[in-house]
Amino acid sequence: MEWLTPLTALYAAAAAVPVLLLLYFLKLKRREQLVSCTLLWKRAVQDLQVNAPFQRIRRNILLLLQLLMLAAVLLALGGPLLSRIAAPGRRFVLLIDRSASMSAADVKPTRLDDAKKQAELFVQSVGAQALFSLGAKSDLVMVIAFDDHPKVMCNFTSDKRQLVAAIEAIMAGHGGSSLAEAVVVARAFAQSPGLEPDSRTTQEPARLVLFSDGRIPDLKNIVVASDELVFNCTGRSADNIAVTAMQARRTYESPDEINVFATLINYGYEQAACDVQLSLNTDVRAVRSVTIPPRSSDSGPDANEPGKVALNFTLSHADAAVIEVRQLQPDALSCDDAAWAVVSPPRRLSVLLVTAGNIVLESGLRASPLAKLDVRSPAQFDAMDHAALSVDQPYDVIVLDNHVPGSLPKCRYLIFGRPPAGSDVAVAEQVENQVIVDWRPKHAVLQYVNLTNLFAAKSFRMTPPRDAEVLAEFNETPALVLVRRQGSTFLIAGFDVLQTNWPFEPGFVLFCYNAVSFLGTEAGQKYQTNLQVGEPIVVDGLTPGATARISGPYLPGTEVTATPAGSIRFSGDDRVGLYSVAVPDQPLRMFAVNLLDASESDIKPVGEIVMSGQIVQARQQPVSRANLPLWPWLVGLALALACLEWLVYNKKVRI
Amino acid sequence: MSQSKTTVSRKRLTDLLDPKFMARLDSLDVLSRKILQGKLQGERRSKRRGQSVEFADHRPYVAGDDLRFVDWNIYGRLDQLFLKLFLEEQDLTVHVAMDASASMSFGEPSKELFIKKLAAALAYISLVNNNRVTISAFADGVQAQLANMRGRNYLPQMAEMLLTLGSEGLSHFESSARQIAAGRIGSGIMIVLSDFLFKEGFDTGLRRLMARQYDLYVIQVVSAQELSPELSGDLKLVDIEDADAAEITVSGALLKYYKRTLTAYCNELKDFCTRRGATYVLVNSADSVESLVLNYLRRIRLLR
Chain A
12 MEWLTPLTAL YAAAAAVPVL LLLYFLKLKR REQLVSCTLL WKRAVQDLQV NAPFQRIRRN
72 ILLLLQLLML AAVLLALGGP LLSRIAAPGR RFVLLIDRSA SMSAADVKPT RLDDAKKQAE
132 LFVQSVGAQA LFSLGAKSDL VMVIAFDDHP KVMCNFTSDK RQLVAAIEAI MAGHGGSSLA
192 EAVVVARAFA QSPGLEPDSR TTQEPARLVL FSDGRIPDLK NIVVASDELV FNCTGRSADN
252 IAVTAMQARR TYESPDEINV FATLINYGYE QAACDVQLSL NTDVRAVRSV TIPPRSSDSG
312 PDANEPGKVA LNFTLSHADA AVIEVRQLQP DALSCDDAAW AVVSPPRRLS VLLVTAGNIV
372 LESGLRASPL AKLDVRSPAQ FDAMDHAALS VDQPYDVIVL DNHVPGSLPK CRYLIFGRPP
432 AGSDVAVAEQ VENQVIVDWR PKHAVLQYVN LTNLFAAKSF RMTPPRDAEV LAEFNETPAL
492 VLVRRQGSTF LIAGFDVLQT NWPFEPGFVL FCYNAVSFLG TEAGQKYQTN LQVGEPIVVD
552 GLTPGATARI SGPYLPGTEV TATPAGSIRF SGDDRVGLYS VAVPDQPLRM FAVNLLDASE
612 SDIKPVGEIV MSGQIVQARQ QPVSRANLPL WPWLVGLALA LACLEWLVYN KKVRI
Chain B
27 MSQSKTTVSR KRLTDLLDPK FMARLDSLDV LSRKILQGKL QGERRSKRRG QSVEFADHRP
87 YVAGDDLRFV DWNIYGRLDQ LFLKLFLEEQ DLTVHVAMDA SASMSFGEPS KELFIKKLAA
147 ALAYISLVNN NRVTISAFAD GVQAQLANMR GRNYLPQMAE MLLTLGSEGL SHFESSARQI
207 AAGRIGSGIM IVLSDFLFKE GFDTGLRRLM ARQYDLYVIQ VVSAQELSPE LSGDLKLVDI
267 EDADAAEITV SGALLKYYKR TLTAYCNELK DFCTRRGATY VLVNSADSVE SLVLNYLRRI
327 RLLR
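Here the protein sequences come in this chain order: A and B.
If you want this note's numbering, it's the position in the first sequence, counting the first as 1, plus 11.
If you want this note's numbering, it's the position in the second sequence, counting the first as 1, plus 26.
Any given hint could be a false lead.
Claimed, not checked - DSS-like mimics (lysine-lysine), calculated; alpha carbons at most 25 Å apart, straight line:
(1) B:K262 / B:K282
(2) A:K662 / A:K40
(3) A:K662 / B:K46
(4) B:K296 / A:K53
(5) A:K40 / B:K282
(6) B:K262 / B:K225
(7) A:K662 / B:K225
(8) A:K53 / B:K225
(9) B:K296 / B:K225
(10) B:K296 / B:K285
(11) A:K53 / B:K110
(12) A:K469 / A:K421
(13) A:K171 / A:K128
(14) B:K225 / B:K285
(15) A:K383 / A:K421
(16) B:K296 / A:K40
(17) B:K262 / B:K285
(18) A:K53 / A:K453
(19) A:K40 / A:K53
(20) A:K53 / B:K46
(21) A:K53 / B:K262
(22) A:K662 / B:K262
(23) B:K296 / B:K282
(24) A:K53 / A:K162
(25) B:K46 / B:K110
Stated by the list, open to error - Calculated Cβ distances over 12 Å to all of chain A for the following chain B residues:
(26) R176
(27) L189
(28) K225
Honestly, the hints are just simulated from the structure, not real lab data.
Cβ coordinates follow ideal geometry from the N, Cα and C atoms, glycine included.
Work out the full structure, taking the sequences as your base and the hints as a guide.
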């Protein structure tokens, strides 16, 4: 048995016991009562004293009971514990996993709640700062919750109420798990002064206490000392059916048709049958029964591989659509039962080509399926009403071929040649004989475009602003730059097409198609409307200072103001579901936020976690059994003694 | 004048005694176990032979005897002088000594009222039967006394004395008894009404009141609150007379010991009286005077 606050009890005892004894030494203040004669009473008292040799002891049984009661209270004040899990004066960092898999309900109510409960028990069991204590140091605890990113809930403190409040405040997230960053943060805090006045900064390393189900992909990146980390595992079952992949897209040939692909995985050890429901804008369009094989139990390369089923739906819908794929079998983890996709409407673009005559560019653009392609000379373009162009937006994309107009209406531009002043791209002298050294083939603009052989006889040396995206680089200058300025988007190729070998490359036509589609559909909406949990929602091309209202699951509506560059970024989408961004005078933008994470959906609890070269076994005993505070029993004993004292007193006073 | 005074006084006597009760008292008389010599010819037999109609005996004449009592018929037959002796009927002195110290005011109903009622009833019976009645109230010595009353005429006076009598002062039984004993004359009945809770003890006082020619009746009046006190807690008991204090913590054991002490005290008094031929009666002040007088005192043959 150990004591949390022994000095407090000692001080209290030093004060209380003499006071109690003093009370007994003081004479009682007696009530006066008239009697006809005190003769008999005096004789009776005399008789009583003479006939009862143990009278003094019997009278003092009240004192004895009170002393016992006081002792019980004082012992309770000392905070006795049956056993302790740590010596006092140490520091702990509680790392609490709040990733999607911790929302699994196989432990009631959820794994996260179980972990929080264990963490609170841990906090209750560490040594507290004793009142008036001079020497004894209390334990310091810090709380970090983590999913993809760590979040410090509470810095090092010994205030248990604050710690419990911090643990209570941890909300379940739907993100993945990444422990490495959390460990880095914990160590950083452990080496900086804490909130306590006697901060023990780097004297000893803080112990890490992990509360998780062990489904953490980046464990291999973490190096811990042999006894630095304690792992408390939560979770029981592996049964979960998840939608781990989903994609919806229009076919190239017939834009009205939408193909939906989905993958379902059964993580359980038994074959699962479930219904998969396909909804389009909340209307159920199809329900399909599927049977998913169980997790393989044979040894071999695919040991423990969960069973997989791929599904394919085809829909016909010519408008913007929100598609939901949902498996209807109830299981432990609900946030991976559905996935959503936002499909933009099929759109034919109107393009204005401003050129003094460029047959290559014109035919490249004509090869794309456009609604309209107008060709104007630079003089004609300058003569157009630029204000009307800004407001009415008759063209989705304006292609400037070697023309730098005086003013630029708000639009999306594909520019060949010298960058205009409004794009903030500084231009120096022209450089010659440029070859491509690098490009971003995964960017929407350069999808399927091979620039390996691109050679430019002359190109402008461009210095893009810091926020510009450089999509391709020549040996001396950026070749393709994407800049967003004041509601306009500029895709700038700093060279004349006719001074390159690009027209002879098959990629040129693809580039024209990609660039016009990308710019026309507002900077590759397809990629940004379907997000993973935690990825920021980004909307560009807004009026600077405009207010957007973002709503989503567990998010009643948050106002976000656009930056001076006309874009908003919102990273509060930590729950799966559909988010909407409402901008005044603009159509509602929908964003689908999905888990789609096969490793996070695998909720099988892990008994041991393998760090980099270190295996940490999960603690066998739950934290709750670690120690038992005895003070409630002592307080109860004191109460019982008080009752007994009352009884004795009454028995003495009455018959 | 005298009539109005009597009316007022009679009214006041009824404050003590119920008229119906008085009517029943009329049929009672005080009885002495010894036939005692009285001063006047009373309504009872006396051991003393004297002038009476009831013949007792003859005795030879000696010089100096009253010639009126010589039985001349005998002298005629026997030629010898014999004197006729008669049993003389004499009066009886009833002396009621009542405690009037402050302790008598204690109790609910108070012992004082009980004692006054009892004294009034006894005096009433005695006066109605033409006995000589003396009432003495004592505390620290004799406080008030009405001596040698005889006949109904004294009833208002007796009532007034009882009703104006207060209970105050220390009790000093021994000196009071000495005064009472010195002041009494003749023979008769001595009735002492008190709680007998005297710190100096009751024995010397009672011993003084015992005399060959007096029947002694000791009536101890105790209140219900003294018999079974209803006290609790830590108390400082203050004596109503001398302000003497006793600090007690009331407990079951203490109450048990108190009752035991009280019983022992009463038994001691009773033994003292019995051993010396006196009659002892213990009365609770909460009991009715009527039933005590009409039943109990007749049973112990104080009254008939």
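Does K40 (chain A) pair with K53 (chain A) here, judged by a C-alpha cut-off of 25 Å?
Holds - the C-alpha atoms of K53 (chain A) and K40 (chain A) are around 19 Å apart, at most 25 Å.
Distance restraint between K53 (chain A) and K162 (chain A), which requires alpha-carbon spacing of 25 Å or less
violated (79 Å)
Given the proposed pairing of K662 (chain A) with K46 (chain B), does the C-alpha separation stay at or below 25 Å?
Violated, because 49 Å separates the two Cα atoms, which is more than 25 Å.
Does K225 (chain B) clear chain A by more than 12 Å, comparing its Cβ with all Cβ atoms of that chain?
violated (6 Å)
If you draw a straight line from the CA of K262 (chain B) to the CA of K225 (chain B), is it 25 Å or shorter?
holds (18 Å)
Checking one constraint from the list: CA of K171 (chain A) to CA of K128 (chain A), max 25 Å. Satisfied?
Holds: K171 (chain A) and K128 (chain A) sit about 14 Å apart, inside 25 Å.
25 Å Cα cutoff - pair K53 (chain A), K110 (chain B)
Cα-Cα ~64 Å, so violated.
Within 25 Å, alpha carbon to alpha carbon, are K46 (chain B) and K110 (chain B)?
violated (46 Å)
Decide if the proposed pair is consistent with the structure: K262 (chain B) and K282 (chain B), CA atoms, cutoff 25 Å inclusive.
Holds: K262 (chain B) and K282 (chain B) sit about 18 Å apart, inside 25 Å.
12 Å Cβ clearance of L189 (chain B) from chain A
holds (22 Å)
25 Å Cα cutoff - pair K296 (chain B), K225 (chain B)
Since the Cα atoms of K296 (chain B) and K225 (chain B) sit roughly 17 Å apart, the hinted pair holds (cutoff 25 Å).
Taken at face value, is the distance from the CA of K262 (chain B) to the CA of K662 (chain A) at most 25 Å?
holds (20 Å)
The structure fails hints 3, 7, 11, 12, 16, 18, 20, 24, 25 and 28 (numbered hints given earlier, in ascending order).
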